[in-house]
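Given the structure of chain A, go ahead and fit chain B with the ligands onto it with the hints provided.
Chain by chain, the residues run as shown.
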Amino acid sequence: MIEFEEVSYGYGGTGPLLSDINLKLAPGSFHFLTGPSGAGKTTLIKLCYGALVPTQGRAVLFDQDVRQMSRDDIAETRRKVGVVHQDVQFLDHLTLAENVALPLTVSGRATEMQDLGDLLGWVGLTGQVEARPPELSGGERQRAALARAVIMSPEVILADEPTGNVDWDMSQRLLKLLIELNRMGKTVLIATHDMNLIRAAKAQVQARVLRISDHRVQLAGADL
Amino acid sequence: MNRFLAPILALLSVDTQADRVVPPTGFTARLTVFASGAMAFLAVFALALSLATGRLAEQWSDALAQSATIRVAAPEGQVDQQVLAVMEILQTTPGVADARVLTDDEQRALLEPWFGPDLPVETLPIPRLIEIIEDGDGFDPEGLRQRLAGEAPGAILDDHSRWREPLVRAAGRLRLLGGVSIALIALTTAAMITLAANAALAANDQVIHVLRLVGARDRYIAGAFVRRFTLRAFAGAAIGMLAGLLAILLLPSADVGGGFLTGLGFRGWHWLLPLLIPPLAAIVAFLATRQAANTTLRELT
Ligand SMILES: Nc1ncnc2c1ncn2[C@@H]1O[C@H](COP(=O)(O)OP(=O)(O)O)[C@@H](O)[C@H]1O
Ligand SMILES: [Mg+2]
Numbered sequence: 001m002i003e004f005e006e007v008s009y010g011y012g013g014t015g016p017l018l019s020d021i022n023l024k025l026a027p028g029s030f031h032f033l034t035g036p037s038g039a040g041k042t043t044l045i046k047l048c049y050g051a052l053v054p055t056q057g058r059a060v061l062f063d064q065d066v067r068q069m070s071r072d073d074i075a076e077t078r079r080k081v082g083v084v085h086q087d088v089q090f091l092d093h094l095t096l097a098e099n100v101a102l103p104l105t106v107s108g109r110a111t112e113m114q115d116l117g118d119l120l121g122w123v124g125l126t127g128q129v130e131a132r133p134p135e136l137s138g139g140e141r142q143r144a145a146l147a148r149a150v151i152m153s154p155e156v157i158l159a160d161e162p163t164g165n166v167d168w169d170m171s172q173r174l175l176k177l178l179i180e181l182n183r184m185g186k187t188v189l190i191a192t193h194d195m196n197l198i199r200a201a202k203a204q205v206q207a208r209v210l211r212i213s214d215h216r217v218q219l220a221g222a223d224l
Numbered sequence: 001m002n003r004f005l006a007p008i009l010a011l012l013s014v015d016t017q018a019d020r021v022v023p024p025t026g027f028t029a030r031l032t033v034f035a036s037g038a039m040a041f042l043a044v045f046a047l048a049l050s051l052a053t054g055r056l057a058e059q060w061s062d063a064l065a066q067s068a069t070i071r072v073a074a075p076e077g078q079v080d081q082q083v084l085a086v087m088e089i090l091q092t093t094p095g096v097a098d099a100r101v102l103t104d105d106e107q108r109a110l111l112e113p114w115f116g117p118d119l120p121v122e123t124l125p126i127p128r129l130i131e132i133i134e135d136g137d138g139f140d141p142e143g144l145r146q147r148l149a150g151e152a153p154g155a156i157l158d159d160h161s162r163w164r165e166p167l168v169r170a171a172g173r174l175r176l177l178g179g180v181s182i183a184l185i186a187l188t189t190a191a192m193i194t195l196a197a198n199a200a201l202a203a204n205d206q207v208i209h210v211l212r213l214v215g216a217r218d219r220y221i222a223g224a225f226v227r228r229f230t231l232r233a234f235a236g237a238a239i240g241m242l243a244g245l246l247a248i249l250l251l252p253s254a255d256v257g258g259g260f261l262t263g264l265g266f267r268g269w270h271w272l273l274p275l276l277i278p279p280l281a282a283i284v285a286f287l288a289t290r291q292a293a294n295t296t297l298r299e300l301t
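First to last, the protein sequences are chains A and B. Just so we're aligned: 96 in our numbering is position 96 of the first sequence, and the numbers increase by one with no gaps anywhere. Just so we're aligned: 82 in our numbering is position 82 of the second sequence, and the numbers increase by one with no gaps anywhere.
It is worth saying that the hints were derived from the structure and are not from the lab. You may find that some hints are simply not true.
Among chain A residues calculated to face chain B with C-beta under 7 Å, some are [to be verified]: (1) Asp72; (2) Arg79; (3) Gln89.
Every residue, glycine too, gets a C-beta built ideally from N, C-alpha and C.
Only chain A is shown next, with the shape it has when bound in the complex (with noise of 0.2 Å):
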């Protein structure tokens, strides 16, 4: 669903900050996008959701390659894959809900309230539903983001850095929903520095690390 041939990108300037890039992320399957701060990880998944097209190589997502699709086919595609950004952003004009209802709304859909509700239950924001997002706290704000990437129900879930501004029982909180996604059949890919996370992931789960250094992605080794 999300195919990288030999991509590189850069943002101008010296040289490319990623480089002949191959990844595959196959249906069902759980990676970690590792590496250190700067390396080019939200890079990496701007171009899986087509913020970002190739300078070189192709990414093909759902089958379509990024440089051919028109605007409307990238906002189709970013209905097929749920996001959680680094930077979380909402419209703080909104309640919690509807920001979390936010994808059906553009996408013309009638708002479930019932799932809606179930949804807000499962990311333990059942209280939160009128609060306005600068109101919330920060792993309140991510919760919310994750269920505002799933509310379309895509096929692929990105997260990044999900338990940046978190403490440590709030991410194991939210590595456990992300985990059960996986778990009903939802692709995942996590970008995070935090090795503790990645360490904690993999006794819950069968997970790829993928590293970042060198300006290549590859398979990290058994020493995680």
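Just chain B with the ligands now, kept in the frame of chain A:
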């Protein structure tokens, strides 16, 4: 027209959920309502001016059509002969569509305001009057005068009503200016709303970014803005139009002789024309905002 109306009708089936995704923006909202209201108010007057001067031009040119008369004053016994001579000259004068000798009754009616109803027209040495109806281009008064002097010395061409001709031209020009004003008002409205829409789009670039991240198409995002500005322009223009109509209704009516200023207003079905202003403002806002939104969305990546 249908190409424009269909999307506007679609707009009016308000999708409240979709409209909420764009935050309410106080300043651009007020600017749009105010600008379209003020412009609609002005448009009512421009329309009234255009229609009034149009009416005036028509009345005056009707009057012009019968503007010229020839008075034949001659010693007893020569009058009829000279009238005949004048009629003959007129028949061969280019620019004269028709000529007619006024009857005694008509002459009496003309003189009645001055001399009362019992004037013995038949017995008084009153000149005969010949009314000339001109065709489109009119005749050459100097040429006619010369021919009259030669063949009917008692005939005097009186074309004093011609002074109105430049006024008719001025009235026609005023009507044109009224039309130009309406066009300028529409353009200004479009420009103001484009500015307001651009300001709103710029202020909401984060919102647009988030909407895109969750899979909103450009059409959806543009629609949310366009709908908003169209409805605001419509509401503002409706208020401005009503205020303009009220102001015209309240014009003091000094209906003496139907002078120019008292003619400023609407007659009959013309009262319905201002009702077109709010829908037109909505169309202008729709096109301006759609253009602004499409441009902005193409540039924002
Ligand atoms: N929009 C951008 N324009 C220019 N450089 C950028 C942009 N976004 C990220 N970068 C640079 O690319 C590098 C990788 O960024 P990023 O993908 O966010 O890394 P990571 O997520 O692994 O921390 C960083 O050096 C960053 O400064
Ligand atoms: Mg990052």
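Hint by hint, here is what the structure shows:
1. The closest approach between the C-beta of aspartate 72 (chain A) and any C-beta of chain B is roughly 5 Å, which is under the 7 Å cut-off, so the hint is satisfied.
2. Annotation: arginine 79 (chain A) was flagged as interfacial toward chain B, and the flag holds, the nearest CB pair being 4 Å apart, inside 7 Å.
3. Interface restraint check: glutamine 89 (chain A) against chain B, minimum CB-CB distance 5 Å, threshold 7 Å, status holds.
Every hint from the earlier list agrees with this structure, and none is contradicted.
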